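Residues -30 to -1, 1 to 128, numbered by mature numbering (1 follows the signal peptide of the UniProt record, and there is no 0), are exactly what the sequence shown covers, in order.
Calculated from the structure, these hints are not laboratory results. Hints are not guaranteed to be accurate.
[As the list claims (entries may be wrong)] Label pairs and their in silico Cβ distance ranges: (1) N122 with P4: 31 to 39 angstroms; (2) T120 with G86: 21 to 29 angstroms; (3) R55 with E90: 20 to 28 angstroms.
Model, not experiment: these values are computed from the prediction. Don't be surprised by glycine CBs; every beta carbon is placed ideally from N, CA and C.
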Amino acid sequence: MNRSTRLAALPLIAFATVGTAVGAAGIANAGTLPTDGPTIAMTIRNNTNDTLYLRGSSNPYGEWIAAPRGVLAPHSTEIVTAHSRNTNGFGIDATYSVRGDATAVFSAYDYSYNGGTNTEGTRTTGNDGRGFDISSWIDSSYPTMNVSYTLNPLMGSN
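Start from the sequences and build out the full structure, keeping to the hints where you can.
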């Protein structure tokens, strides 16, 4: 490799090193989940111009690793994680005020039997809730559920 080739490669090597470090930091910030029972990781995206305010959350058969935040800013994302020692599974939810009487409920159930892994109960409520939609998709299931949600405004409501 001649000198000019080495000099041209330096910015690419530096970029790759920084990219790797940033990627590793992102993974580290998501947290390490326990392996002695089922876990749920919920990625909640607020794709609206509204601030979401936590009204309540439920995790009756487990413990929070990263509980839902009190406020979720417009166009931002949070990762909520939970764990249970119940080997049959467990469920969690987080409910946010959106605008007016609109609420957004994000639910996740990670069971080894019957209903299995699902997001039943995820919904918007209230008269103003008709102006929003929640899409959800499950990336992995029992015992390590990973689910993503996006709260979107419907046409003309935001």
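We went through each hint and held it up to the structure:
1. Take N122 and P4: their Cβ atoms lie about 32 angstroms apart, and the range 31 to 39 angstroms holds.
2. Between T120 and G86 the Cβ separation comes to about 22 angstroms, which falls inside the hinted range of 21 to 29 angstroms.
3. Range check, R55 to E90: Cβ separation about 23 angstroms, and the 20 to 28 angstroms hint holds.
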